[in-house]
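**Student:** Respectively, the protein sequence lines represent chains A and B.
Numbered by numbering that gives the first Met the number 0, the letters in the first sequence go through residues 0 to 430 in order.
Numbered by numbering that gives the first Met the number 0, the letters in the second sequence go through residues 0 to 102 in order.
Wrong hints could be hidden among the right ones.
Claimed, not checked - FRET-style restraints, in silico, Cβ to Cβ: (1) A:S271 to B:T88: 51 to 61 Å; (2) A:G297 to B:S65: 29 to 39 Å; (3) A:A117 to B:E28: 28 to 38 Å; (4) A:D226 to B:E54: 37 to 47 Å; (5) A:G181 to B:A69: 51 to 61 Å; (6) A:A250 to B:D89: 25 to 35 Å; (7) B:T88 to A:E358: 37 to 47 Å; (8) B:T53 to A:G89: 27 to 37 Å; (9) B:H57 to A:D295: 39 to 49 Å; (10) B:T88 to A:A227: 50 to 60 Å; (11) A:F85 to B:D72: 33 to 43 Å.
Derived from the structure by calculation, the hints contain no laboratory data.
Because the structure is a prediction, the values reported are computed rather than measured.
Here a beta-carbon is modelled for each residue, glycine too, at the ideal position from N, C-alpha and C.
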Amino acid sequence: MHDFSRRNFLKVAGITGAAAFTGIGCAANGVQGADKAHIVVVGGGSGGATAAKYIKQFSPATRVTLIEPNATYHTCYGSNWVIGGFASMGDIAQGYDTLRDDHGIEIVQDRVTAVDAAARSVRLAGGDSMSYDKLVMSPGIDFRYDAMPGISEADADRIPHAWKAGAQTELLRSQLRDMPNGGVFVMVAPPNPFRCPPGPYERVSLVAHYFKQEKPRSKIIILDPKDAFSKQGLFEEGWAEHYGDMIEWRAGSEGGRAEEIDVDNMTVMADSGFERVRADVLNFIPAQRAGQIAHDVGLTNDAGWVPVDQLTFKSEMDDNIYVLGDASVAGAMPKSGHSANNQGKIVAAAIVRELSGQEPINPSSANTCYSLVTPEYAISVAAVYQYQDGAMSGVDGAGGVSPMGASSSVRRREAGYTRAWYDGITHDIWG
Amino acid sequence: MKKSYLYLAGLVASLAMAGTATQAVADDEITRGQLMASSCKACHNAAGAQQGVTELSHFPAEIIASQMRAFRDGDRAATIMDRHAKGYTDEEIDAMAAYFGRF
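Could you build the full structure based on these sequences and the hints that come with them?
**Tutor:** Structure (C-alpha cells):
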C-alpha cells in the first residue's frame, strides 16, 4: 500500500513539475521557485543532515527528503573516546526524529543504489524511485584496500579500520580490552588525503590513556606513510608529558611506510621487507576515496574524489547534483565533520538562491578540530576559509593551532570545549 | 493508509502554493551575513551554551561585534576565538553580529 501510493504520488508530482517548467501555472519570470522544488539529500551524516536542515531553515516550504540507510548514525568524531574507554556508543549516536518532527524533513531509511541524472531520479534498494529537482550527495568515504597488498575488506572483521563509526568502533574497543598487559597495538596510518587528519593521532593518544591505566607495560607503534601529521608538535609534546615512551611514531621516510600486511600472522612488512612489525591488536586505516555511489554516478576524478565548483559545491559533472563533505575536493578545507557542516550550509544557500533565480553568495567558512590527548587535555586547530580564485582558501593570518607549552589549565579548558563542540555541532546538525 | 493521505495533502498544498511561491522567496533572500553567521552556530547554539559556549542571541549586535574585534586585535584573551576572529574584516564582523543581534 505504502509503495503503491508513493509511486502514484511521484507520477503525479512529476507531471506537476513538468507543468511548472513549461510555464503553465508558473510565475511570470519562469523561474521554478524554491518553494515548489523537491530536494533529495543522499546520506545523513554531518554534511547531508546539515544541508537538509538548512534548506528547510532558509526556505521552509521547500520539500526535502533525506535518504539514509541507518536509523542511528554514529559520529566518527567522538569515536576515539569510546575506543579510549571513557564514552559509550550511545554518547556518539545521533538520530533523525527531530529532523523529521520539528524541521519537516521526510526521512527515508533506505540505500540509494543508482542515480539517473538525465531523468533526475534516484533508485532505492527497496525498489522505489524518487525524482528530484536538485540532488545533494554527502556519501562520505570508502576504502582503497587494493592499495595495500595482503589484506582485503573481508579482513576488517579481524583487523578493524574503525574509520567509520559503529560496529567497527566496538570491535577495536573489544580487541583492546582483550589484549594482555604488555601487548603491542599497531596502527597503520593512511596516506593523504583522508577523513579527519588529526584523528589517527588522537586515537593513539586515547589508546595510550587506556593502556596507562589498565595495561601499563603495553606499547603503541604508528606506521605512517607520511613524514608529518596534523598538530604534530602538540601531539608529541602531550605524548611525552603523559605517556613517556609508550608511543612510537615511525615516519614514512624512516621505515614507517607499510608495504604488505600478513593478516594470518598479524604482521606488517615495512622498509623494503627489512622491518616486520607484529601486532597484538592491529588497526589498519586504509587509503581512502569518495563513497562508492559517487563513483557509480560518474562524479569522481582520477584520484577518486569529487571535483565541485567550490563556490556552491555543485558537481563539475552535473548541474543538478551537489556533493559535499569528505567526498568532495574542497580546496584547503580538511575532510572533517566541521567542514561538512559548514559546506552543508553553503549548499543549502546555493540551492535556495539558484531555485529563486539569484546569484550564489561568495561564501566564508570555518573549521575547528579539537583532539583529546587525555580526557582532560585537548589541543585544537582552527581556520577560516574564503572562496578565492576558484578554490576555498585559508584566510591569511587567521587560524592555526593551540600554543606549544601552554599550561595544563589551558589544555583542560580546551578539553571542556571539545565536549561543548561535540554537543553544539551535533545539535546544529541533527537537533 | 495514513501515509497516502499525507502524500495527498502534500500534493494539494504544493498545487495550492504554485501561484505564489516565487514571490515568497524573493522577500526572504539569504544574505552573506546570514550565511556567515550560520557558520558560528556550529558551536554557538543552545546545546553549546549548556557547556559554557556563549549564547550569542543573548547579546546585542554591538557587543558581539566589539568582542569579535577585541579577540581579533589581541585585546581579549581566548583559547580559540582569537584564531577565528582574525579571519574577518570589520564589515564581515558587523554583518554577522547584525544577524545574531536581531534575535
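**Student:** Has the hinted range 39 to 49 Å been met by the Cβ atoms of B:H57 and A:D295?
**Tutor:** Cβ of B:H57 to Cβ of A:D295: about 47 Å, so the range 39 to 49 Å holds.
**Student:** Between A:S271 and B:T88, is the Cβ distance one that fits in 51 to 61 Å?
**Tutor:** For A:S271 and B:T88 the Cβ distance comes to about 52 Å; the hint holds.
**Student:** Okay, A:F85 versus B:D72 on CB: inside 33 to 43 Å?
**Tutor:** Taking Cβ atoms as reference, A:F85 and B:D72 lie about 38 Å apart, which means the hint holds.
**Student:** May I ask you to test the hint 29 to 39 Å on the CB atoms belonging to A:G297 and B:S65?
**Tutor:** 50 Å, violated
**Student:** Between the beta carbons of B:T88 and A:E358, is the distance compatible with 37 to 47 Å?
**Tutor:** Violated - the Cβ-Cβ distance for B:T88 and A:E358, about 21 Å, lies outside 37 to 47 Å.
**Student:** Falls inside 51 to 61 Å, the C-beta gap from A:G181 to B:A69?
**Tutor:** 52 Å, holds
**Student:** Taking 50 to 60 Å as the stated bounds, is the beta-carbon spacing between B:T88 and A:A227 within them?
**Tutor:** 32 Å, violated
**Student:** Falls inside 27 to 37 Å, the C-beta gap from B:T53 to A:G89?
**Tutor:** 28 Å, holds
**Student:** Could you see if the CB distance from A:A250 to B:D89 stays within 25 to 35 Å?
**Tutor:** This hint is violated: roughly 43 Å between Cβ atoms.
**Student:** Has the hinted range 28 to 38 Å been met by the Cβ atoms of A:A117 and B:E28?
**Tutor:** The hint (28 to 38 Å, Cβ to Cβ) holds, given that A:A117 and B:E28 are roughly 31 Å apart.
**Student:** That 37 to 47 Å hint for A:D226 and B:E54 (C-beta), does it hold up?
**Tutor:** 43 Å, holds
This entry does not satisfy hints 2, 6, 7, 10, going by the numbered hints stated previously.
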